[in-house]
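Engineer: Position chain B against the provided structure of chain C, taking the given hints into account.
Listed here are the chains, written in short residue letters.
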Amino acid sequence: MKAKSEIGQSPLVKIVDSLGEQATLVQFSSAFCSPCRATRALLTDIAATNPGITHVEIDAEKELALVRTLHIRSTPTTVILDSDGREVGRAVGAPKREQVLHALAILQ
Amino acid sequence: MSPSNLIDVRGPRFAATITTLVLASALLTQSIWLLLAQTVVFAIGAGLGPHRSPYGLLFRKLVKARLAPPTEFEDLKPPQFAQLVGLLFSVVALIGAVLDVPVIFAGAVSAALAAAFLNSVFGYCLGCEMYLLIKRVTHHSNSIRAFVAR
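Just so you know, the sequences run in chain order C and B. Just so we're on the same page, this note's numbering is the position in the first sequence counted from 1, plus 90. Just so we're on the same page, this note's numbering is the position in the second sequence counted from 1, plus 256.
For reference, chain C alone in the conformation it holds in the complex (with noise of 0.2 Å):
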């Protein structure tokens, strides 16, 4: 059982056990940055309306392996996965509502 719980940490299950149908929101935040609480407020209200697509947020702080592996350097940087897991596209800095919805749109 300790093992499980351990493995639930993982940041890479915690994505995987929530890919959408369609899309991931993948959101990379940090403590110091102000734009992350908005973007957070977006991508979480685009999950809620839009079926087939959820959001994750990620301490960047505390996943540095992760962060490392995927080059993320700066907070907010929101990674959009297809269905499979598949990284489509990122944004760097806070996005526009129009961003994300056009990069959802091409996806589908």
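Worth flagging that the hints you see were computed from the coordinates, not collected in a lab. In this text the structure is predicted, and so the values were computed from the model without any measurement. It cannot be assumed that every hint is accurate.
[Unchecked claim] Simulated pairs of lysine-lysine, PhoX-like, Cα-Cα distance not exceeding 20 Å: (1) B:K333 x B:K391; (2) B:K333 x C:K152; (3) C:K152 x C:K104; (4) C:K152 x B:K391.
[Stated by the list, open to error] Residues from chain B shown here face chain C by an in silico Cβ test under 10 Å; the list is partial: (5) L318; (6) T327; (7) Q336; (8) D356; (9) I360; (10) R392.
Heads up, the beta-carbon is just placed ideally off N, CA and C, and yes, glycines get one too.
Structural biologist: Using the frame of chain C, we list chain B on its own:
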């Protein structure tokens, strides 16, 4: 994140504007006293929070009442981080002044000035751009193996 940690986003922008003016004056007049005053402001902002720094108080007492009610809020931590970065630059500049090395003084004041200017004019978020990079450089993790091990 409790709402009490949230402040009007215009506060830090106002403070950054004053900081820009003070640092520009310090740079032009080579004034160590202006820089010292700004260093104290940075120290209070970094230690107690930007809302308790002199510029933060000035904003709340004099400016805020004349503006429309706040519509955007931000967490205290990002501007507090920016104050800490400003403090580090200004301490380096003070050391440069004390050691009588004008290049260090001018370089460090310019760096702090650039950050404050970008913040006041473009709302540039120092913590967004620098914090993760600093973490990436200072904290070693054994890359992808860290996941596999978990």
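Engineer: Compare the structure with each hint and give your call.
Structural biologist: So, going through the hints one by one against the coordinates:
| no. | hint | verdict |
| --- | --- | --- |
| 1 | B:K333 x B:K391 | holds, 16 Å |
| 2 | B:K333 x C:K152 | holds, 17 Å |
| 3 | C:K152 x C:K104 | holds, 14 Å |
| 4 | C:K152 x B:K391 | holds, 10 Å |
| 5 | L318 | violated, 23 Å |
| 6 | T327 | violated, 12 Å |
| 7 | Q336 | holds, 8 Å |
| 8 | D356 | violated, 34 Å |
| 9 | I360 | violated, 26 Å |
| 10 | R392 | holds, 6 Å |
This entry does not satisfy hints 5, 6, 8, 9, going by the numbered hints stated previously.
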